[in-house]
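Throw the hints in and build the complete structure from the sequences for me.
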Amino acid sequence: MHKLFFHGQTLHLLPSGALYWPARKTLTVSDLHLGKSERLARRGGSLLPPYETQATLEKLDRDLEATGAETVICLGDSFDDLAAADGIEEASRLWLVRLMAGKDWTWITGNHDPGPIDLGGTHRAELKALPFTFRHIAEPQERAEISGHYHPKASLAGQSRPCFLADAARLILPAYGTYTGGLRSKDASLVTLMAKDALAILTGPRVLAIPMPR
Amino acid sequence: MTTLPPTLSDWFAAKGWTLHPHQTEMLARAPDPATLLIAPTGGGKTLAGFLPSLAELGPNPPPGLHTLYVSPLKALTADIRRNLGRPIEGAGLKIRVEDRTGDTSYSQRRRQRADPPHILLTTPESLALLLSYEDAPRIFAGLQRVIIDELHALAESKRGDQLVLQLARLQSLTPGLRRVGLSATVENPPALARFLSPRTTILEADPGPDPDISMLETEAPPPWSGGGGRYAIPAILNEITRHKTTLIFHNTRAQAELFFHDLWLQNAQDLPIGIHHGSLSREQRERVEQAMTAGALRAVVCTGSLDLGIDWGDVDLVIQVGAPKNVKRLVQRIGRANHRYNAPSKALLVPANRFEVVECQAALDAVRDHDLDGEPRGPGPKDVLCQHILATACAGPFDAESLYAEVITAGPYTLLTKQEFDACLDFAATGGYALKAYDRWQRLKLTNGKWHLRDPRAAALIRQNLGTIIDIETLKVRLRNQGAPLGEVEESFAASLTPGDTFLIGGQVVRYESLREMTVEVSKTPGREPKIAVFSGTKFATSTLLADRILQIFQQESWPSLPAHTAAWLSLQREVSRLPDPHSLLLESFPHDGREHLAIYGFAGRNAQQTLGLLVTKQMESQGLAPLGFVATDYATLIWGLEPVTDPKPLFDLATLREGLDAWLAGNAVMKRTFRDTAIIAGLIERSHQGRRKTGRQATFSSDILYDTLRRYDPDHLLLRITREEALRGLIDFSRIEQLLARAGPRIDLKRLPRVTPLAAPLFFEPSRIPVEGAGRDRLAAAQAQALMEAAGLA
Numbered sequence: 001m002h003k004l005f006f007h008g009q010t011l012h013l014l015p016s017g018a019l020y021w022p023a024r025k026t027l028t029v030s031d032l033h034l035g036k037s038e039r040l041a042r043r044g045g046s047l048l049p050p051y052e053t054q055a056t057l058e059k060l061d062r063d064l065e066a067t068g069a070e071t072v073i074c075l076g077d078s079f080d081d082l083a084a085a086d087g088i089e090e091a092s093r094l095w096l097v098r099l100m101a102g103k104d105w106t107w108i109t110g111n112h113d114p115g116p117i118d119l120g121g122t123h124r125a126e127l128k129a130l131p132f133t134f135r136h137i138a139e140p141q142e143r144a145e146i147s148g149h150y151h152p153k154a155s156l157a158g159q160s161r162p163c164f165l166a167d168a169a170r171l172i173l174p175a176y177g178t179y180t181g182g183l184r185s186k187d188a189s190l191v192t193l194m195a196k197d198a199l200a201i202l203t204g205p206r207v208l209a210i211p212m213p214r
Numbered sequence: 001m002t003t004l005p006p007t008l009s010d011w012f013a014a015k016g017w018t019l020h021p022h023q024t025e026m027l028a029r030a031p032d033p034a035t036l037l038i039a040p041t042g043g044g045k046t047l048a049g050f051l052p053s054l055a056e057l058g059p060n061p062p063p064g065l066h067t068l069y070v071s072p073l074k075a076l077t078a079d080i081r082r083n084l085g086r087p088i089e090g091a092g093l094k095i096r097v098e099d100r101t102g103d104t105s106y107s108q109r110r111r112q113r114a115d116p117p118h119i120l121l122t123t124p125e126s127l128a129l130l131l132s133y134e135d136a137p138r139i140f141a142g143l144q145r146v147i148i149d150e151l152h153a154l155a156e157s158k159r160g161d162q163l164v165l166q167l168a169r170l171q172s173l174t175p176g177l178r179r180v181g182l183s184a185t186v187e188n189p190p191a192l193a194r195f196l197s198p199r200t201t202i203l204e205a206d207p208g209p210d211p212d213i214s215m216l217e218t219e220a221p222p223p224w225s226g227g228g229g230r231y232a233i234p235a236i237l238n239e240i241t242r243h244k245t246t247l248i249f250h251n252t253r254a255q256a257e258l259f260f261h262d263l264w265l266q267n268a269q270d271l272p273i274g275i276h277h278g279s280l281s282r283e284q285r286e287r288v289e290q291a292m293t294a295g296a297l298r299a300v301v302c303t304g305s306l307d308l309g310i311d312w313g314d315v316d317l318v319i320q321v322g323a324p325k326n327v328k329r330l331v332q333r334i335g336r337a338n339h340r341y342n343a344p345s346k347a348l349l350v351p352a353n354r355f356e357v358v359e360c361q362a363a364l365d366a367v368r369d370h371d372l373d374g375e376p377r378g379p380g381p382k383d384v385l386c387q388h389i390l391a392t393a394c395a396g397p398f399d400a401e402s403l404y405a406e407v408i409t410a411g412p413y414t415l416l417t418k419q420e421f422d423a424c425l426d427f428a429a430t431g432g433y434a435l436k437a438y439d440r441w442q443r444l445k446l447t448n449g450k451w452h453l454r455d456p457r458a459a460a461l462i463r464q465n466l467g468t469i470i471d472i473e474t475l476k477v478r479l480r481n482q483g484a485p486l487g488e489v490e491e492s493f494a495a496s497l498t499p500g501d502t503f504l505i506g507g508q509v510v511r512y513e514s515l516r517e518m519t520v521e522v523s524k525t526p527g528r529e530p531k532i533a534v535f536s537g538t539k540f541a542t543s544t545l546l547a548d549r550i551l552q553i554f555q556q557e558s559w560p561s562l563p564a565h566t567a568a569w570l571s572l573q574r575e576v577s578r579l580p581d582p583h584s585l586l587l588e589s590f591p592h593d594g595r596e597h598l599a600i601y602g603f604a605g606r607n608a609q610q611t612l613g614l615l616v617t618k619q620m621e622s623q624g625l626a627p628l629g630f631v632a633t634d635y636a637t638l639i640w641g642l643e644p645v646t647d648p649k650p651l652f653d654l655a656t657l658r659e660g661l662d663a664w665l666a667g668n669a670v671m672k673r674t675f676r677d678t679a680i681i682a683g684l685i686e687r688s689h690q691g692r693r694k695t696g697r698q699a700t701f702s703s704d705i706l707y708d709t710l711r712r713y714d715p716d717h718l719l720l721r722i723t724r725e726e727a728l729r730g731l732i733d734f735s736r737i738e739q740l741l742a743r744a745g746p747r748i749d750l751k752r753l754p755r756v757t758p759l760a761a762p763l764f765f766e767p768s769r770i771p772v773e774g775a776g777r778d779r780l781a782a783a784q785a786q787a788l789m790e791a792a793g794l795a
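Chains as they are written, first to last, in the UniProt record's numbering: chain A, 1 to 214; chain B, 1 to 795.
Because the hints were derived from the structure by calculation, they are not lab data. All values reported here derive from a predicted model rather than from experimental measurement. There is no bait here: all hints are sound.
No more than 30 Å apart at the CA atoms, straight line, and that leaves these computed lysine-lysine pairs for BS3-like:
no.	chain 1	residue 1	chain 2	residue 2
1	B	Lys672	A	Lys186
2	B	Lys244	B	Lys346
3	A	Lys59	B	Lys436
See the structure below:
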């Protein structure tokens, strides 16, 4: 775990790629892309091992258990598309319902899941929880913002890992879903977005912070 | 007997050509269902293959495809088209010959489907694509003959397995199809014949005179270890000046680069010398090929990229640098010299180190005895079959029973059971998962007893992924502000570079500047020491045949045929310890430099010796012997650690090793890499295309994630089983460890010695030492992160 002091608050950056805000007992995850293999299959693509929803939910279950979070924010692209949200298998849906039970759960909309989904919780385009603004895609002028979307990753000692990106204004979360690729922090879109002194905090067995490779 | 058109015979006569006996014989055998012609290079093999077609087509053939020619190389199809054009035009025959490869234009390919030529020249991949079209039955309706060139090379890879499955398909479309295979010298002609067709007869041409082959004598003896043979450069330059054109073969691209660089530094006479290997850009390779054809080069430093291909008549010397590892490949390489029939080829072997002197001697003996090596390839790979099933579905609905009956007529698949076939079909149709998730979205559906694509649009995707060649992700290398690319490096190598690093490409030392739009930008830095480019050129392991011959040489009383320095080295080893023999496994244990060492002389080839190192150190770890690392060569593994080995038998217990293998394999990088290849071939994941990667966004994610997911949730999945089979017979090479232990039996002999032995000494200079991993990797990363943060003033 890596502790980040961000706009007066202490945040825990977890090895799984989730973000925990102890003061508010809030767990934030981004880009779950549930139902990705189903969507690819539906479109006539290849038939990937259909276990990624299960794997992602197991990981989420563990993080909720370990942190004791009471509030959950999913930062968008929680489902690979709206049909994937509707077509989610019964076992996975029940599991999700169980995880949601008794929690204040917010689904932020993403570019993959732009509409409301037929599951409980609150659906929003963005969420203000002072001092932070939670949304799917970062806005360049915003401050104290927590977002996802880019699936950032960076390399250290020859290994590439999903990572958090942080500077004075914003924190970008890695993709939490099992079947998600990554965008190198060196990519122009991230280099322009993030300040010169930004950090990349790599997920993995040990959370490690390095100056953001650019 | 089938006769040639009179105008063609006249044309041959006018040119003063007479047919070789095997060429006439091919005409006589024209009606046979399948013929394998084995002839040396320069024997007019290709013409022999085409003569029956020219005879059958005659001066005025009706339209329609008559003969299909398949070669492993695109360049070869273009060359054949030109060569075949000459007699056809010369004799005024109205035969249309066209090639069709990945380079053929879209409009040309469309036209060929509507109106095929009489003779179509193609590659296995282009043929796969052609067969996947719905109009395949019409295109191939009149097909009479198929000619497979360089069959020996194709038969060694999955391209060959795919090709024979396609031949089975073609045979169903046109039952009268006759097959011809053309091959260089091979160790087991009947096996190759069965690969081509169950009904093949073999025709062996006169092999010509034996090659003139010897070891290059140099003033300085070869070094104790390492590769590259740079010590021999003065002697090699001398040979180049004494011959017209010399090909200098190396076993790896990195070695070819290093050698070429040094060769230029010592090339006082400014002899025109080029370099040719698979990592150079196509433009650059073509320039070298053209200069070679024009006779403008005195030598070319090359790798396996020149093993096959266009005949260069002027080559009069082949030099093999580094032990040849495999006698058959050596013989085929030697054939690159003197492409004239009935003239002996001339070749020189240059051992790169002392061990290789013995291996080169063993290779010379084997060539002299016409003793060729070859490992049987085992049954046809199932990932190729999965792809074949998908490709077949693209062409139209099929019946499972008939497809199975067809598949088992293909040589490598004759022993395939219906159950195995069904598993592959199930994978292609549903993904084959234990969790039945895709009922609605199956790839193939069964309707009225026939399997067909659920979504016809899927065909485009499947076609894009046809073929069994897996490209390693590479990036182009360019000089900053200049146009032409210098070549390519692997993505993983590019990722390891930081600005200022230097490496060798195309014989020049360049400095890494930046990575821009998927291109590595470099600048020239003459004279700097290069960081070596790590191309993953295949690391061939010394063949069993050569290893056995080396052990035989060790048993001699004395070694008159070996250079004196090497004979003295072996005598000294015999005096202070023992030489390894074929009937036992020799181990030496000795202290050195504060560490305990164990040398294992398995002679099982580099891959198996490496696997052995991993497995034995694991055992040593659990016995508290504290191994620290090991290094493996083709002949031996050297392990160092804190405690001496006193009781070796438990370390080499086959059952324990196998158990360790299973545990170790699971998380192993070799497995993940093998899985990726298998998953691409079987159609689970798509190849990444240059254009898609350009966006920078990785829409696709690493195949490692799929591997880990399958291992966790569906460990018995077909693709995991295939991956295991493939890895075991490939890089892990466990079968040679089994052979070794079976051969040695209880005779695992440990010699305890006070110091390093002559045979073990060279092992200490070997690069690529492998540390035995504890929690090392994470600690390394943490230390590096700390240093980076401190450097940035953030700690």
